[in-house]
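Trainee: Here is how the chains run, residue by residue.
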Amino acid sequence: MFGYYMDLALRSLRRNKVLTALMVLAIAVGIGASMTTLTVMHLLSGDPLPGKSGTLFYPQVDADPTNDYSHTDPLDVMDYRSAVDLWSAHRADRQALIVDSKLKVQAPEVNLPSLMEMMLSTTSDFFPMFDVPFQYGSGWSADDDEKHARVAVISADLNNKLFGGTNSVGRALRLRDTDVRIVGVLKPWRPSPQFYMVAGGRFANGQTDDFYTKPEDVFTPFTSGLEINDGNFWQFTCWHMPDTPGHLQNAPCVWIRLWVELGSAAKVADYRSFLAGYAAQQKALGRITHADNTRLRSLMQWLDLNHVVPSDVHLQTWLAFAFLAICLFNTVGLLLAKFLRRSGEIGVRRALGASRRAVFAQCLVEAGLIGLLGGIGGWLLTLIGLWLVRRQPTVYADMAYLDASMFFTTFVLAIMVSLLAGALPALRASRIAPALQLKTL
Amino acid sequence: MQIKPILAAMRHHRAGTVLIALQIALTLAIVCNALFIIQQRMAHLSEPTGIDEANLFVIRNQWAAQSSTPQIDAQIQADLAAMRQLPAVRDASPSNSYPLRGGGWDNFITLMPEQVQPTTDGSVYLGDEHMIDTLGVKLVAGRNFRADEVGRIGLREDVFPPAVIVTKALAERLYPDGSALGKPLYAMSPAPSTIIGIVDLLQRQGVSTWDTTYAYQSLLWPMRLADPHGLYYIVRAKPGQLAAAMREVPTALYAQNRMRIIDPKDGELSFAQVRERAYDSDRGMAILMGIISIVLLAITAAGIVGLTSFWVGQRRKQIGIRRALGATRRDILSYFLTENLLIGCIGVVIGTVLAIGINLWMVTQFEMARLSLGYVVIGVIVLLLLGQASVLTPAMRASRVSPVEATRSV
Numbered sequence: 000m001f002g003y004y005m006d007l008a009l010r011s012l013r014r015n016k017v018l019t020a021l022m023v024l025a026i027a028v029g030i031g032a033s034m035t036t037l038t039v040m041h042l043l044s045g046d047p048l049p050g051k052s053g054t055l056f057y058p059q060v061d062a063d064p065t066n067d068y069s070h071t072d073p074l075d076v077m078d079y080r081s082a083v084d085l086w087s088a089h090r091a092d093r094q095a096l097i098v099d100s101k102l103k104v105q106a107p108e109v110n111l112p113s114l115m116e117m118m119l120s121t122t123s124d125f126f127p128m129f130d131v132p133f134q135y136g137s138g139w140s141a142d143d144d145e146k147h148a149r150v151a152v153i154s155a156d157l158n159n160k161l162f163g164g165t166n167s168v169g170r171a172l173r174l175r176d177t178d179v180r181i182v183g184v185l186k187p188w189r190p191s192p193q194f195y196m197v198a199g200g201r202f203a204n205g206q207t208d209d210f211y212t213k214p215e216d217v218f219t220p221f222t223s224g225l226e227i228n229d230g231n232f233w234q235f236t237c238w239h240m241p242d243t244p245g246h247l248q249n250a251p252c253v254w255i256r257l258w259v260e261l262g263s264a265a266k267v268a269d270y271r272s273f274l275a276g277y278a279a280q281q282k283a284l285g286r287i288t289h290a291d292n293t294r295l296r297s298l299m300q301w302l303d304l305n306h307v308v309p310s311d312v313h314l315q316t317w318l319a320f321a322f323l324a325i326c327l328f329n330t331v332g333l334l335l336a337k338f339l340r341r342s343g344e345i346g347v348r349r350a351l352g353a354s355r356r357a358v359f360a361q362c363l364v365e366a367g368l369i370g371l372l373g374g375i376g377g378w379l380l381t382l383i384g385l386w387l388v389r390r391q392p393t394v395y396a397d398m399a400y401l402d403a404s405m406f407f408t409t410f411v412l413a414i415m416v417s418l419l420a421g422a423l424p425a426l427r428a429s430r431i432a433p434a435l436q437l438k439t440l
Numbered sequence: 000m001q002i003k004p005i006l007a008a009m010r011h012h013r014a015g016t017v018l019i020a021l022q023i024a025l026t027l028a029i030v031c032n033a034l035f036i037i038q039q040r041m042a043h044l045s046e047p048t049g050i051d052e053a054n055l056f057v058i059r060n061q062w063a064a065q066s067s068t069p070q071i072d073a074q075i076q077a078d079l080a081a082m083r084q085l086p087a088v089r090d091a092s093p094s095n096s097y098p099l100r101g102g103g104w105d106n107f108i109t110l111m112p113e114q115v116q117p118t119t120d121g122s123v124y125l126g127d128e129h130m131i132d133t134l135g136v137k138l139v140a141g142r143n144f145r146a147d148e149v150g151r152i153g154l155r156e157d158v159f160p161p162a163v164i165v166t167k168a169l170a171e172r173l174y175p176d177g178s179a180l181g182k183p184l185y186a187m188s189p190a191p192s193t194i195i196g197i198v199d200l201l202q203r204q205g206v207s208t209w210d211t212t213y214a215y216q217s218l219l220w221p222m223r224l225a226d227p228h229g230l231y232y233i234v235r236a237k238p239g240q241l242a243a244a245m246r247e248v249p250t251a252l253y254a255q256n257r258m259r260i261i262d263p264k265d266g267e268l269s270f271a272q273v274r275e276r277a278y279d280s281d282r283g284m285a286i287l288m289g290i291i292s293i294v295l296l297a298i299t300a301a302g303i304v305g306l307t308s309f310w311v312g313q314r315r316k317q318i319g320i321r322r323a324l325g326a327t328r329r330d331i332l333s334y335f336l337t338e339n340l341l342i343g344c345i346g347v348v349i350g351t352v353l354a355i356g357i358n359l360w361m362v363t364q365f366e367m368a369r370l371s372l373g374y375v376v377i378g379v380i381v382l383l384l385l386g387q388a389s390v391l392t393p394a395m396r397a398s399r400v401s402p403v404e405a406t407r408s409v
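These protein sequence lines map, in sequence, to chains A and B. Residues 0 to 440 in numbering that gives the first Met the number 0 are what the first sequence spells out, letter by letter. Residues 0 to 409 in numbering that gives the first Met the number 0 are what the second sequence spells out, letter by letter.
Possibly wrong hints are sitting among the right ones.
[Said to hold, decoys possible] Simulated restraints on C-beta separations: (1) A:D176 - B:P86: 50 to 56 Å; (2) B:S67 - A:G285: 23 to 29 Å; (3) A:P187 - B:A146: 49 to 55 Å; (4) A:N204 - B:R315: 56 to 62 Å; (5) B:L341 - A:F202: 27 to 33 Å; (6) A:R180 - B:Q76: 38 to 44 Å; (7) A:F202 - B:G373: 31 to 37 Å; (8) A:W386 - B:R142: 27 to 33 Å; (9) A:T212 - B:W209: 29 to 35 Å; (10) B:Q61 - A:G285: 39 to 45 Å; (11) B:Q61 - A:A275: 44 to 50 Å; (12) A:T165 - B:Q76: 43 to 49 Å; (13) B:Q61 - A:T165: 23 to 29 Å.
No lab work stands behind these hints, which were simulated from the structure alone. Please read these numbers as outputs of a predicted model, since none were measured by experiment. The C-beta atom is built at its ideal place from N, Cα and C for all residues, glycine as well.
Put together the whole structure using the sequences plus the hints.
Mentor: Here you go:
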């Protein structure tokens, strides 16, 4: 029967080309708009480390002793002392200290002008902990961290820029005035968002585009980085003016992030009590006053708290779906007109023995076919929409591509929408009284 | 025109009526809010900076050699002398930033040294005695910096100037009685700075939501930024010679000293480019909203045409009978126009409620302002006119139905 209905649907669509085109276009535009924004939303709100994010946690302690505000949540990042103490305890499966800074980069053997790049100073666990992919070489060892080794890992981008994409492991890189040896080159790596640097999103008023910047181009051991670029580290915030801006080791400032990996629920509970114990101990020492204000949030909880998806993107998504709703109403109206116009034909079918169900099915097949055509149009419009997004100057523009799951979503959504749109008109058509129609033929 | 028969007919095709009304309602709700968003973003991106944008450009100068603070300061003065001699250049000043840079240095400002809660916030611009002339801002009270007042600030130095120039907005915020000139302020500094001059209008470095609370609150410090990282040179070209000046200045700087980095891509920006970058996302959003509104209106119009055409086709016989009984073409035409107007009215009433509802929801979600009723009124008029325009063609077709139709297949 499906084949027959398909044939009928094709004939019917061909009969009134303008109306058909109008319906297909309405669905295509609605799907195109909503899939474009949905793809951007999917891209920005997704899990940056699927399968692994549940084991990553972001500890926080409140080292600010002042009482200028309510302390409902600890500051978003940590002071040097707390971060290094917690890291040195090695109570998690893996732990990484993180701080970024800007510095001048040059390859002494390559005749290219110096570049200003972001450097991420971190500890050796960073690479295995965040599944960072390597093209050549590998990360440094825990021993390198301890010995303040002058080594670096560079991004694929920087490797292309400086060394033309060749294996540069073992070559020298000049970071400000210090020569370091390259031990690893990353594969192109673009987590979305750049989750390990996320902080302060609650105070950004929805303008959180910066969370989607590319990862840094140079990675150095934490201890070495602090020495190489001393004087150029900027605070997240301070509760007093630092004595030596840029050198914050003993400053009343927060500026370092700590991430830990905890493999099981028991370990999470253990770490939580370790964190509370550390804060209590520091309170006893008189260094901090808000000892009970500690947090251990999982990666996804931390991203949620920071409202990482920019509010403009939310607004656009809502708008696109309202848009789809209007297209849906439009299609319902046109399908209703179309089906009821064929009342005579349907009357004859019913008189010849077709059940209401059969008429309903026939109408839905026609609606579904429109949905399929609309889906193809919507897919093309989505590609154009994403191309337009990529031309925007936003930081996440380069990631706006349609992946397989969103490709299928496009068609599923299109057919669902058209079946939904077809349901009411089909119901009305199936209720046509055959006798009345036959009389007017 | 009799409304009653129209209402009776509408009762017969309830589904279609409801659909068109709902479509009009939703379109109205979205178009009103979209227009409102467009207007807000456009208003935001056309805010003046107060400076001579047409003739200004900025150079991001980074130092390639490591040198001491006095050496850098000497180099900056040499650079400035070289730039000011160029034929196309009117004036130049060293600075840490420029308006619309997208954020940067700003300090909380207090009126007392021990005050915990800041009075307000000010965007900090460093510059020398040429800064006011370079920017082209108007000094409305007091005086400019003297050359001997201009100091230098190196890396990791906490230097605070004894004399500052502030914008009128900041002066009025700090001293609402208008007595700011000669009064002290503390910009996170231990010692007071005296306000020696007030300039008319000077936009902040950032224009984000956070900055809007402190819009146009800027202060000028008489200092050269002798930081080993580099600084910005703000250059004002002579009228009409911007392109020439933008060519000459980098060449002159490199001729002065080669040990510097001026990024070939965005190391030198005309102010038009600066403005474009600062308001990228606002312009993008306004264009997007515009496109969405137009497409929505087109789809709604197409829907009305489609459904009305169907109704006309369905009622050919009734139209024929009415014509045969003496109705004129004009009667038939006005029947369909009135019917559409009635449906449109139902639609816009629901739509107005929806528009206000959506706006109230956006106020809580996206920190948006309240929708002014003007937009709803514009939206209502646009949609009713659109409805009448789209119904016109099918209605004309209906009016041409010949009375003979009545006699066929009765």
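Trainee: Any hints from earlier that this structure breaks? Give me their numbers in increasing order, please.
Mentor: Numbers 1, 2, 5, 8, 9, in rising order.
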